[in-house]
Amino acid sequence: MQHDTIHIGLAGYGTVGSGLARILQNNREWIRKRLGKELHLKKILVQDPNKARRHVPPPDTALTMDMEDLVADPDIDIVVELIGGLDTAYSLITRSLSSGKSVVTANKALLAERGPELFNLAAKNGLGLFYEASVAGGIPIVQTLKESLAGNRIKSLTGILNGTANFILSEMTSRCIPFSQALAKAQELGYAEADPALDVEGLDAAHKLTVLIRLAHGQDYPLSKLPVQGISGTDPYDIIRARDFGYRIKLIAQVKEKSGALQAGVFPALVPDDHMLAKVDGPFNAILLEGNAVGPIMLYGQGAGDLPTGSAVLADIMSLVTRRTDYNNTGFLDAELYPAKILQPELTVSKHYFRFSVQDRPGVLSIISGIMGERNISIAQVVQKQEPDGNTVPVVFLTHAAQLQDVRAALQEIDQLSFIKAPTVHYSIL
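Counting from 1160, one number per residue, gives the positions in the sequence shown under our numbering.
A couple of the hints might just be wrong.
[Stated by the list, open to error] Here are the simulated lysine to aspartate or glutamate pairs, EDC-like style, with alpha carbons at most 20 angstroms apart:
hint: 1; residue 1: Lys1384; residue 2: Glu1276
hint: 2; residue 1: Lys1384; residue 2: Glu1360
hint: 3; residue 1: Lys1314; residue 2: Asp1379
hint: 4; residue 1: Lys1201; residue 2: Asp1225
hint: 5; residue 1: Lys1196; residue 2: Asp1163
hint: 6; residue 1: Lys1417; residue 2: Glu1360
Derived from the structure by calculation, the hints contain no laboratory data.
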């Protein structure tokens, strides 16, 4: 990229693509001062060139429906993939890399599923595959792990990585409304899709966590082995009880290093009120890192949106232009990451929250407590509140640290008791 103008081929002109175009236009002179080069959006791959668009592309930018117009154009230096999905995006990225073009992508799902394969292809061709926008929108977490914290062993990474889920939980907490009502509000405001499953069932956060694990630990933790639990079953009652105990419920994505193995997962958890992540509300994202040298660091910001995510895409483009050869796609010298040593989920240890729905009769608490004691689960607090119907009573237990396999065994036994009137509600405590 020795020439004065860097030509960009953009695939996808939705929210993020149009945001990128706006930034390129509005910050043109500022970018030139930083790079000493002009960034020119030469072609945009779209499904319908005649579609009315909120941000009209520059007059010297061509619209095309043919992927080959990006891949085969010898003037295009960098291809930006913002179409999402798996198959078409995979084809575009592999063909671009094979044609000698570096790639910028925001496609966390594709990176989670086929990232190692794509990184190997980029390394084989001596090209860049950059992906800052794939995780946490405008928050610069990818470059932070690749460069600023490259000399640290990352002891833990704990984040709120999905703004939709966080908005829903924030609404449920502040307004004491059910999940369905909070979801409808998120959809009304454009935070949630018509089909919100990827967000509320935790898979979007899992895609992002898979990408971050590679960067933080230099290991490939397969998405298929990552424990994932969403928030669609969250009940306002548990949010209220959690607040009584001094906690908020958040959808957490986490990886920790434990005795040479990685403990990771996506799960709703009780977060103490004085924890930094408990204060992250609405559609925002946050990531709390702990390095063995730097200590704790928190990054906070908008996890989606046209300009924040477009800013992350532009940062990758500019980084590719200035690097020229040493692209450091994975953050490690070896492009091929070795399989992660995984700590099995049942061996993880944490504190726990249980809500039992029990028949109101003598001896219930002692039976439940006895089963938990037999499974090495120590009780920290118990709250029993009489509800208006008078037949079923919710009993909430908070425990000291216990191993998950003991918790599961205890709950399986308890849920079979005749006085248990509904499946037990269970959350880990951060």
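Numbers of unmet hints, in rising order: 6
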